[in-house]
Structures are given as C-alpha cells and as structure tokens.
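*Asks:* These protein sequence lines map, in sequence, to chains A and B.
Start counting the first sequence at 1; every next residue gets the next number (my numbering).
Start counting the second sequence at 1; every next residue gets the next number (my numbering).
None of these hints come from the bench; they were simulated from the model.
Hints should not be assumed to be uniformly reliable.
The list treats identical chains as one, so a pair stands whether inside a single copy or across any two.
[To be verified] Pairs of lysine to aspartate or glutamate residues, derived as EDC-like cross-links and limited to a Cα-Cα distance of at most 20 angstroms, are as follows:
#, residue 1, residue 2
1, Lys3, Asp58
2, Lys110, Asp18
3, Lys3, Asp104
4, Lys46, Glu105
5, Lys46, Asp19
6, Lys3, Asp82
7, Lys3, Glu71
8, Lys110, Glu85
9, Lys46, Glu34
10, Lys110, Glu71
11, Lys46, Glu31
12, Lys3, Glu14
13, Lys46, Asp58
14, Lys3, Asp18
15, Lys46, Glu85
16, Lys110, Glu31
17, Lys110, Asp58
18, Lys3, Asp19
19, Lys46, Asp113
20, Lys3, Glu106
21, Lys110, Asp82
2 protein chains.
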Amino acid sequence: MAKFQRHVFVCTNERGPDDPRGSCTARGSAEVLEALRAQAHAAGLKRVVRVNKAGCLDQCAHGAALVVYPEAVWYGGVTPEDVGELVQAHLVGGRPVARLVIPDEELTGKVPDPKATP
Amino acid sequence: MAKFQRHVFVCTNERGPDDPRGSCTARGSAEVLEALRAQAHAAGLKRVVRVNKAGCLDQCAHGAALVVYPEAVWYGGVTPEDVGELVQAHLVGGRPVARLVIPDEELTGKVPDPKATP
C-alpha cells in the first residue's frame with residue numbers, strides 16, 4: 001500500500017440562503033463531488049486518487065471550489081459538466097485544466113511572515 | 001494572496017457505535033480538529049496554514065487520522081495532547097513528528113497500474 005497519487009478535496013460548506021457570501025453547496029458542489037467520485041472510479045482510479053468532501057476551503061468567491069494535492073492546483077466555478085475533463089486531463093493525464101484554475105493572486109492564502117518566530 | 005503554505009485535513013467521519021471499523025470521530029478527531037485550529041491560529045498561522053475537516057480518509061485502522069499537504073505526511077492515532085507538538089514541529093518548523101506518522105506501507109493508497117490506459 002502507499003500514499004494516494006492524488007487527493008481531491010471538494011468544498012461542501014453550506015450557508016443559509018440569506019448569506020451574501022453564498023456557499024459551494026449552493027453552487028452545486030455536492031453534484032460535483034458525486035460526479036468526480038463516479039468518474040474517477042470509472043477511470044480506474046480507485047485507491048489511486050481519493051476524492052473527499054471538505055469543510056469550507058475559504059475560496060467562497062470561487063465556488064464550487066476544489067483543490068488537488070499534492071500539486072496544490074485550485075479549481076473554481078466547477079460544474080458537473082466540467083468533471084469529465086477534470087478527470088481525464090488532470091487525474092488521469094496529469095495536466096491541469098487551465099480554464100478552471102483559480103489564479104494564485106485570487107486565492108486567500110497568505111505568504112508566511114519571514115519575521116515571525118520560527 | 002497565495003496558496004496556503006500547508007493544508008491540513010482531519011478525518012471527521014462518523015459511524016454507528018456497532019460498526020467494527022470504528023471511526024475517527026469515535027477516536028476523538030473532533031477534539032483534534034478544534035485543538036489544531038486553535039493552536040495553529042495562536043502560532044500566527046492564520047491563512048498560512050488551513051485546517052479543514054474532511055470526509056473518510058480511508059485510514060480507519062489509524063484513527064484519529066489526518067494528512068498534511070502538500071508534503072502528504074499522514075498521521076494516525078492523534079490525540080489532542082499531540083497537537084501542540086504537531087503545530088510547533090511540523091506546521092511552524094516544517095519537521096514532521098515521526099512518532100505519529102503512518103508508514104507508507106500501512107496506508108491504503110495504491111500505486112497506479114502502469115499498464116492502465118493513460
């Protein structure tokens with residue numbers, strides 16, 4: 001046994017219908033998750049690639065959002081119709097789908113402060 | 001803005017009390033998750049390291065289980081008492097805590113089949 005070759009986390013955060021931020025679930029992430037699981041399995045990736053739901057990935061402006069590790073490729077605005085291309089190009093072929101990638105400068109992470117105590 | 005420096009996923013899968021596999025939640029993963037969030041934040045890692053809950057990570061024999069990406073270090077049998085060391089050594093210092101790491105040969109991933117259609 002071994003590490004997964006790739007590990008996909010789909011944001012399945014939910015918010016109330018009046019929340020102005022919306023949520024990935026409101027933008028269809030549950031359907032994206034199910035399509036990813038089914039199509040990754042159909043592509044022979046069982047135990048090679050794992051697809052998990054995750055709590056809020058903090059990319060709410062880009063829902064439905066997901067991330068593929070270990071390469072740390074972030075995708076936004078993903079719909080179930082995109083999943084076939086994601087599976088074949090990226091999960092099988094190793095080539096990220098550029099049109100769906102969230103640019104680094106739009107992600108919410110922060111570069112570590114070099115002055116911070118290590 | 002940028003990618004997170006590290007992204008931690010804690011298995012928060014739940015199973016019924018009669019399920020022989022147990023679950024990470026039954027082994028205290030919710031408390032591990034909360035301790036990780038609080039202590040990562042206290043260490044100044046807000047938006048540098050993100051800590052998320054995840055669905056079943058398929059390492060049920062090693063609960064409470066979590067994984068740190070992008071380095072893909074898997075931890076098992078983690079308790080809230082381990083969290084201080086995990087945060088300081090790994091999330092701040094970049095040095096995995098060897099005593100808690102799940103060995104590759106005990107993980108449930110599968111090396112890709114080289115004969116599979118690319």
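*Asks:* If a hint holds in the structure, say so; if it doesn't, say that too.
*Replies:* Status of the hints after comparison with the structure:
1. Lys3 <-> Asp58: This pair counts as between: shortest inter-copy Cα distance 11 angstroms, intra-copy 26 angstroms.
2. Lys110 <-> Asp18: neither (29 angstroms within a copy, 43 angstroms between copies)
3. Lys3 <-> Asp104: Intra 26 angstroms, inter 6 angstroms, cutoff 20 angstroms: inter-copy only.
4. Lys46 <-> Glu105: Result: close only across copies, 17 angstroms inter versus 33 angstroms intra.
5. Lys46 <-> Asp19: neither (37 angstroms within a copy, 23 angstroms between copies)
6. Lys3 <-> Asp82: neither (26 angstroms within a copy, 23 angstroms between copies)
7. Lys3 <-> Glu71: Both: 14 angstroms inside a copy, 11 angstroms across copies.
8. Lys110 <-> Glu85: Answer is neither: 30 angstroms inside a copy and 23 angstroms across each miss the 20 angstroms cutoff.
9. Lys46 <-> Glu34: within (14 angstroms within a copy, 31 angstroms between copies)
10. Lys110 <-> Glu71: Both: 18 angstroms inside a chain and 18 angstroms across chains, each within 20 angstroms.
11. Lys46 <-> Glu31: within (19 angstroms within a copy, 30 angstroms between copies)
12. Lys3 <-> Glu14: This pair counts as neither: shortest intra-copy Cα distance 30 angstroms, inter-copy 23 angstroms.
13. Lys46 <-> Asp58: between (28 angstroms within a copy, 12 angstroms between copies)
14. Lys3 <-> Asp18: neither (41 angstroms within a copy, 29 angstroms between copies)
15. Lys46 <-> Glu85: The answer is within: 18 angstroms in one copy meets 20 angstroms, while 34 angstroms across copies does not.
16. Lys110 <-> Glu31: Neither way: Lys110 and Glu31 sit 30 angstroms apart in one copy and 26 angstroms across, limit 20 angstroms.
17. Lys110 <-> Asp58: within (12 angstroms within a copy, 30 angstroms between copies)
18. Lys3 <-> Asp19: neither (38 angstroms within a copy, 25 angstroms between copies)
19. Lys46 <-> Asp113: Close across copies (11 angstroms), not inside one copy (39 angstroms); limit 20 angstroms.
20. Lys3 <-> Glu106: between (30 angstroms within a copy, 9 angstroms between copies)
21. Lys110 <-> Asp82: neither (28 angstroms within a copy, 26 angstroms between copies)
Taken one by one, the earlier hints fail for this structure at numbers 2, 5, 6, 8, 12, 14, 16, 18, 21, listed in ascending order.
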